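Protein chains: 2
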Amino acid sequence: MDKNELKYIQSFAQKKHWLQESVYLIEGPKLLEEALKSNVELKKIYATRDWLGSNDIGGVEFEEVDEIMLSRLSQLQTANQVIALVYKKDVQKTDYSKQLTLVLDGIQDPGNLGTIIRTADWFGIHHILVTEDTASMYNPKVIQSTMGSCFRVQVQVADIEQILSQNTLPVIGTLLSGKSIYEAVIPVTGFLVIGNESKGIRSGIQTSITHPVSIPKFGEAESLNAAVATGIVLSKWKMQ
Amino acid sequence: MDKNELKYIQSFAQKKHWLQESVYLIEGPKLLEEALKSNVELKKIYATRDWLGSNDIGGVEFEEVDEIMLSRLSQLQTANQVIALVYKKDVQKTDYSKQLTLVLDGIQDPGNLGTIIRTADWFGIHHILVTEDTASMYNPKVIQSTMGSCFRVQVQVADIEQILSQNTLPVIGTLLSGKSIYEAVIPVTGFLVIGNESKGIRSGIQTSITHPVSIPKFGEAESLNAAVATGIVLSKWKMQ
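Residue numbers (our numbering), protein chains in the order written: chain A, 3 to 242; chain B, 3 to 242.
So here's chain A without its partners, still in its complex pose (with noise of 0.2 Å):
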């Protein structure tokens, strides 16, 4: 491997690449045996030769390295067999009215962000939209914390205020004046908004927001983390 594609793949632990590339990085057998059978196209795989000898990368270029070289290419604390480069999907289109679309207003931690798209996946819930101040979802962190969701639901960066202003649509939202989760009716298309744990929903976003839930607290936890707030109103959503 050369100084430059060295440099190239060490370049992703800085966040101006994740936003500029056509591809973003990923790491470990478990996320690539999820991409490799998912529809997305990869670049370039990395691999050690155990792990080339092992999985089959139909015509994706490729290239051998030893340990030590993986380790240098890797963002991980212990690099993992094997990274890969994976080209950015295109936006699909999306007709919001047969679906619900789940929204997230300045979800800023990494981790956070991946468990809720890999929630949304497990959910059956394809995209997500988000603020711009939302973590990236091209950070090696969330790619990680998504155990491959990633590669089955769109998360597109967009102008929320704009969109739920403009949509007819019902807006769900969580805010602690909502009405009881227990109690409401979660519709089954429209749109469902997380706010950011400690600030919650902005008020440009509160105000399209059409049908609002709360979930109830038992016990004496300021809030509830927000991949946990999610799971919660998406479960009692989907066994209505």
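Since the hints were derived computationally from the structure, they do not count as laboratory data.
These numbers come from a predicted model, not from an experiment.
Just to be clear, a hint being listed does not mean it is correct.
Identical chains share a label here; the pair holds if one copy fits it or two copies do between them.
[Said to hold, decoys possible] Simulated crosslink set (EDC-like; lysine to aspartate or glutamate; CA at most 16 Å straight-line): (1) Lys-201 / Asp-111; (2) Lys-201 / Glu-224; (3) Lys-39 / Glu-23; (4) Lys-46 / Asp-97; (5) Lys-39 / Glu-69; (6) Lys-45 / Glu-66; (7) Lys-18 / Glu-185; (8) Lys-143 / Asp-58; (9) Lys-32 / Glu-199; (10) Lys-143 / Asp-111; (11) Lys-39 / Glu-222; (12) Lys-39 / Glu-224.
Using the hints provided, position chain B relative to the given structure of chain A.
What follows is chain B alone, placed relative to chain A:
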């Protein structure tokens, strides 16, 4: 501050100190606020002049430190005004027949454990039993991610296999083969076992499960995050 005291506080970065010491480390204004209004006993507070000037710490021993010293004491990437040593509470005898007790089997990610403790606190759970291979609740990463719930929820390492096999209360456990939580009636009192995300619940504990339940999957994700699963099951438990 003398060198020994500095070294002592820094030693809480090491796992062995979480177990050995009678105290643990907490950081930041939010956690200090929660500690001061809870019934935990603080050994000593190290804080900036600003923080000390605007907080009532009662009779707790304290030392004013500057930002540089604070960053040397801190386990966080960015030290935040105050650090304190808190005495561990003695384990209280518990009447398991009168409550739902959460049981964690091999939850190894510290952030996940912290989020589970916080979720338990939200739903009014006061006791958590954990296997020895679960992350230590005195790991600073766990403490910080509980956001104060660590002061209200008792987390105890225990011989889970023995406790469950000798008890006659319902034992709820999430198993792939379990009855859908949307159809199952979840007992009000007893034990709720949450397993490791990839390995599930170990067989020595599975044999004690009287109420196997599952969270139905509507999409493609292979598994749910353990904290999200905990929240979903506890939410269903409360809404019955």
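Hints violated by the structure (numbers, ascending): 3, 4, 5, 7 and 8
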